[in-house]
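*Asks:* These are the residues of each chain, in order.
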Amino acid sequence: GAGVSQSPSNKVTEKGKDVELRCDPISGHTALYWYRQSLGQGLEFLIYFQGNSAPDKSGLPSDRFSAERTGGSVSTLTIQRTQQEDSAVYLCASSLHIGGNYGYTFGSGTRLTVV
Amino acid sequence: QKEVEQNSGPLSVPEGAIASLNCTYSDRVSQSFFWYRQYSGKSPELIMSIYSNGDKEDGRFTAQLNKASQYVSLLIRDSQPSDSATYLCAVLSGGSNYKLTFGKGTLLTVNP
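As they're listed, the protein sequences go chains A and B.
Note that the first sequence covers residues 6 to 120 in the working numbering.
Note that the second sequence covers residues 43 to 154 in the working numbering.
Source of the hints: derived by calculation from the structure; they are not laboratory data.
The beta carbon of each residue, even a glycine, is placed where N, CA and C say it ideally should be.
Treat each hint with caution, since some may be false.
Among the chain A residues that face chain B by a calculated CB cut under 10 Å, a handful are [claimed, not checked]:
| # | residue |
| --- | --- |
| 1 | 42 |
| 2 | 59 |
| 3 | 61 |
| 4 | 70 |
| 5 | 98 |
| 6 | 107 |
| 7 | 112 |
Pairs of lysine-lysine residues, derived as BS3-like cross-links and limited to a Cα-Cα distance of at most 25 Å, are as follows [stated by the list, open to error]:
| # | chain 1 | residue 1 | chain 2 | residue 2 |
| --- | --- | --- | --- | --- |
| 8 | B | 146 | B | 98 |
| 9 | B | 109 | B | 98 |
| 10 | A | 62 | B | 44 |
| 11 | A | 62 | A | 22 |
| 12 | B | 109 | A | 62 |
| 13 | B | 44 | B | 146 |
| 14 | B | 109 | B | 146 |
| 15 | A | 16 | B | 84 |
| 16 | A | 16 | A | 62 |
In isolation and in its complexed conformation, chain B is listed as follows (with noise of 0.2 Å):
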């Protein structure tokens, strides 16, 4: 069975932090990674992607993967109210297998 694990939250931050989102997986053949946002009552939406060990940028959101620890993050910086919501890892996963295992999220809130 594969699994994506994250943890769950809440995490809250002030206005202007770094938020830090993280997620575990445990297929190691898994290629592609992927972070979606998704506010409350809405579909998610994605915002990353990565497939390469290493930091990968875009505007304030940067994602971070480290494929020897199984281990992928979400940092956003300067964080925002409207950053609140819940942040979905998703992995897929190698060989023939083309679907995307989604984690349970974390809820992200941002504090004026």
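Next comes chain A alone, as it looks inside the complex (with noise of 0.2 Å):
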């Protein structure tokens, strides 16, 4: 596609309750990177993929927390039994090669509220 597409734009989620976020990146891009923002801080590094290496999952949080990136394309995080501090917005970027030098592009990225 044109841009990296993220879905759905608004989650609002019960405590305690799985939730996935969809990821479909730019075509041809062969790395992917999920990072979260909360209210007033950073950009939190969470997992990347390259092609078909290992993905390095060092950011992820907790073991609530997976990822998976099928075909080489389309990526699911998914975080199971949500707490409340997992309230962010999460945000998809893919790179044309692994390592940055081409910058990374995000998605509108993915506001989730778990009440």
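Could you use the hints to bring the two separately framed chains together as a complex?
*Replies:* Structure follows, in structure tokens:
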């Protein structure tokens, strides 16, 4: 596609429920990244994927968070048993190659609210 | 822990003035540096990248890099109200660490 597409744009969920966030990167971009941004905070790295290599999961805050990328394209970030502190904007970005020398292109984000 | 530090601001400048945004980073082997602009409620967009010491100009924007001082800056000339946004500094470290580390951003307000 022309840009990075994320869905849903907004999600309100009850504490304890599971949520799935979707990211469709720019066609041909081999690297895909997930970040989250809490109110007034910077971007916090969560996970990245590069081609068929094992993902770097070093930023996932707990084992309630997981992500997968199918067929080297679409990615899904899953949060199990959501907590109020999970409320944030979840941003997906893609890059032509890993290393970021081409910069990232971000999607418009998913605003997650846990009530 | 690799860190990227920015003055949170807000930085307020009059229209037509030069806005100067600064960033320092802790990882000496960092190799690539980026500036992103984020309007309120929107996602970050890439506006500048710089890899070598010195200045890089693109229109009204100039990025400056000093690796010895671990310092990168962004100058915006002839500032416009439409430049009002949060500016995020991002650093790509060397080695096998392929993710960008972002600063918390500086809020810039350009007053008409």
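*Asks:* So, for every hint listed, does it hold in this structure?
*Replies:* Verification of the hints:
The criterion of a C-beta within 10 Å of any C-beta in chain B is met by residue 42 of chain A, whose closest approach is roughly 9 Å, and the hint holds. Interface restraint check for residue 59 of chain A: the shortest CB-CB distance to chain B comes to about 12 Å, outside 10 Å, so the restraint is violated. At its closest, the beta carbon of residue 61 of chain A sits 7 Å from a beta carbon of chain B; the interface hint therefore holds under the 10 Å criterion. At its closest, the beta carbon of residue 70 of chain A sits 16 Å from a beta carbon of chain B; the interface hint therefore is violated under the 10 Å criterion.
Given hint, residue 98 of chain A at the interface with chain B, holds; its Cβ is 8 Å from that chain's nearest Cβ, closer than 10 Å. Interface restraint check for residue 107 of chain A: the shortest CB-CB distance to chain B comes to about 8 Å, inside 10 Å, so the restraint holds. Because the smallest distance between the Cβ of residue 112 of chain A and any Cβ of chain B comes to about 6 Å, under 10 Å, the interface hint for this residue holds. This hinted pair checks out: residue 146 of chain B and residue 98 of chain B have alpha carbons roughly 23 Å apart, not beyond 25 Å.
For a cut-off of 25 Å, the pair hint linking residue 109 of chain B to residue 98 of chain B stands: about 14 Å separates their Cα positions. Distance check on the hinted pair: residue 62 of chain A and residue 44 of chain B sit about 17 Å apart at the alpha-carbon level, within 25 Å; holds. Restraint check for residue 62 of chain A and residue 22 of chain A: the C-alpha separation of about 22 Å stays at or below 25 Å, so the hint holds. Between residue 109 of chain B and residue 62 of chain A, the direct Cα distance comes to roughly 29 Å. Violation of the 25 Å bound is thereby established for this hinted pair.
Note on residue 44 of chain B and residue 146 of chain B: the hinted pairing holds, with a Cα-Cα distance of about 13 Å set against a maximum of 25 Å. Restraint check: the Cα-Cα separation between residue 109 of chain B and residue 146 of chain B comes to about 20 Å, which is no more than 25 Å; the hinted pair holds. Taking the CA atoms of residue 16 of chain A and residue 84 of chain B, the gap is about 16 Å. The hint holds against a cut of 25 Å. Among the hinted pairs, residue 16 of chain A with residue 62 of chain A is consistent with the structure: their alpha-carbon atoms are about 23 Å apart, no more than 25 Å.
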